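S.K.: I would like the entire structure built from these sequences, with the hints used as guidance.
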Amino acid sequence: QVQLQQSGAELTKPGSSVKISCKASGYTFTSYDISWIKQRPGQALEWIGAINPGSGGTGYNEKFKGKATLTVDKSSSTAFMQLSSLTPEDTAVYYCAIGGELGYWGQGVMVTVSS
Amino acid sequence: DVVMTQTPVSMSVSLGGQVSISCRSSQSLVHNNGNTYLSWYIQKPSQSPQLLIYKVSNRFSGISDRFSGSGSGTDFTLKISRVEPDDLGVYYCGQGTQYPYTFGAGTKLELK
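Quick note, the sequences are listed as chains A and B, same order. The numbering used here numbers the first residue of the first sequence as 1 and each following residue consecutively. The numbering used here numbers the first residue of the second sequence as 1 and each following residue consecutively.
The set of hints was computed from the structure by calculation and includes no laboratory data. Bear in mind the structure is a predicted one, so any value in this text is a computation, not a measurement. A virtual CB, placed ideally from N, CA and C, is assigned to each residue, including glycine. Errors might be hidden in some of the hints.
What the hints assert, rightly or not - Here are the simulated SDA-like cross-link-like pairs (lysine to any residue), alpha carbons at most 25 Å apart as the crow flies:
id, chain 1, residue 1, chain 2, residue 2
1, B, 108, A, 39
2, B, 108, A, 43
3, B, 55, A, 67
4, B, 44, A, 3
5, B, 44, A, 65
6, A, 65, A, 114
7, B, 79, A, 44
8, A, 23, B, 43
9, A, 63, A, 80
10, B, 108, A, 107
11, A, 23, B, 61
12, A, 67, B, 97
13, B, 44, A, 111
14, B, 44, A, 9
15, A, 23, B, 44
16, B, 55, A, 60
17, B, 55, A, 100
18, B, 44, A, 39
19, A, 65, B, 99
20, B, 44, B, 81
21, B, 44, A, 67
22, A, 63, B, 79
23, A, 63, B, 26
24, B, 55, A, 99
25, B, 55, A, 2
26, B, 108, B, 66
27, A, 63, B, 24
What the hints assert, rightly or not - Derived CB-CB ranges, DEER-like:
id, chain 1, residue 1, chain 2, residue 2, range
28, B, 77, A, 14, 41 to 49 Å
29, B, 79, A, 11, 39 to 47 Å
30, A, 11, B, 88, 25 to 33 Å
31, B, 81, A, 15, 48 to 56 Å
32, B, 98, A, 73, 25 to 33 Å
33, B, 79, A, 14, 20 to 28 Å
34, B, 81, A, 75, 40 to 48 Å
35, B, 84, A, 54, 37 to 45 Å
36, A, 43, B, 22, 18 to 26 Å
M.R.: Structure representation (structure tokens):
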């Protein structure tokens, strides 16, 4: 069965960077785009961007250009998202999800930015 | 960006009852290829969102036929019949016709 296993919670300081991962299993890794979605506490969902694992091609929400960088490692079927220049407004749960309709989701990673 | 407006913000329902949630988009969601990429998700407490319906009316794998989606253009509806305890949570509509993908603010379904 399709599974997206995300890395553990992160506690980071303002101005730093963090890289979180999403390990895929149960399907051919290059078959579906992988999207990343942000959810601030008690808030709705925001699409950050997506990566095509086969080509490495990316598409970003303008709001997150310069903030998020998406990459993949095909050898380990893992997608990564690096968030840079962190501020308290980046405190959120970050999900990965696959497919055009976002059919399968990871369990989410809580990133806390605090001094 | 396409703005997705959901109503109501919250609603109460009795077990076994029926509810409808509305989602309106600021632009037509009909893609150049003729498909309409409107989806519905449920986020149960402390869980990740789960896809219920895609392309307006198609139930995702394993989703009960108590869930149905309808609509066209800019107006869409999710109906849930014979509500069960496991249906409680926040429902989101989302559009993938035009990037960036955007979501509604959510509708919280609670027990009456």
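S.K.: A separate judgement is required for each hint: does it hold in the structure or not?
M.R.: Going through the hints against the structure:
1. 108/B x 39/A: holds (16 Å)
2. 108/B x 43/A: Holds, at roughly 12 Å.
3. 55/B x 67/A: violated (30 Å)
4. 44/B x 3/A: Given that 25 Å is the threshold and the Cα spacing comes to 18 Å, the pair holds.
5. 44/B x 65/A: violated (30 Å)
6. 65/A x 114/A: Cα-Cα ~22 Å, so holds.
7. 79/B x 44/A: Measuring from Cα to Cα gives roughly 21 Å; hence the hint holds.
8. 23/A x 43/B: Holds, at about 21 Å.
9. 63/A x 80/A: holds (19 Å)
10. 108/B x 107/A: holds (20 Å)
11. 23/A x 61/B: holds (22 Å)
12. 67/A x 97/B: Distance of about 24 Å is within 25 Å: holds.
13. 44/B x 111/A: This hinted pair holds, its Cα atoms lying about 20 Å apart.
14. 44/B x 9/A: Holds. Residue 44/B to residue 9/A sits at ~20 Å (cutoff 25 Å).
15. 23/A x 44/B: holds (23 Å)
16. 55/B x 60/A: Given pair residue 55/B, residue 60/A holds - Cα atoms ~22 Å apart, limit 25 Å.
17. 55/B x 100/A: Given pair residue 55/B, residue 100/A holds - Cα atoms ~10 Å apart, limit 25 Å.
18. 44/B x 39/A: holds (14 Å)
19. 65/A x 99/B: This hinted pair holds, its Cα atoms lying about 14 Å apart.
20. 44/B x 81/B: holds (18 Å)
21. 44/B x 67/A: Not OK: residue 44/B and residue 67/A at ~29 Å, beyond 25 Å, violated.
22. 63/A x 79/B: Given that 25 Å is the threshold and the Cα spacing comes to 33 Å, the pair is violated.
23. 63/A x 26/B: With a Cα-Cα distance of about 19 Å, the restraint between residue 63/A and residue 26/B holds, given a limit of 25 Å.
24. 55/B x 99/A: holds (13 Å)
25. 55/B x 2/A: With Cα atoms ~21 Å apart, residue 55/B and residue 2/A stay inside 25 Å; holds.
26. 108/B x 66/B: Cα-Cα ~18 Å, so holds.
27. 63/A x 24/B: Satisfied, since the Cα-Cα distance of roughly 22 Å is no more than 25 Å.
28. 77/B x 14/A: 41 to 49 Å: holds (43 Å)
29. 79/B x 11/A: 39 to 47 Å: Taking Cβ atoms as reference, residue 79/B and residue 11/A lie about 42 Å apart, which means the hint holds.
30. 11/A x 88/B: 25 to 33 Å: For residue 11/A and residue 88/B the Cβ distance comes to about 31 Å; the hint holds.
31. 81/B x 15/A: 48 to 56 Å: holds (51 Å)
32. 98/B x 73/A: 25 to 33 Å: Since the Cβ atoms of residue 98/B and residue 73/A sit about 30 Å apart, the hinted range of 25 to 33 Å holds.
33. 79/B x 14/A: 20 to 28 Å: violated (45 Å)
34. 81/B x 75/A: 40 to 48 Å: holds (47 Å)
35. 84/B x 54/A: 37 to 45 Å: holds (40 Å)
36. 43/A x 22/B: 18 to 26 Å: holds (20 Å)
Checked against the numbered hints given earlier, the structure breaks hints 3, 5, 21, 22, 33 and satisfies all the rest.
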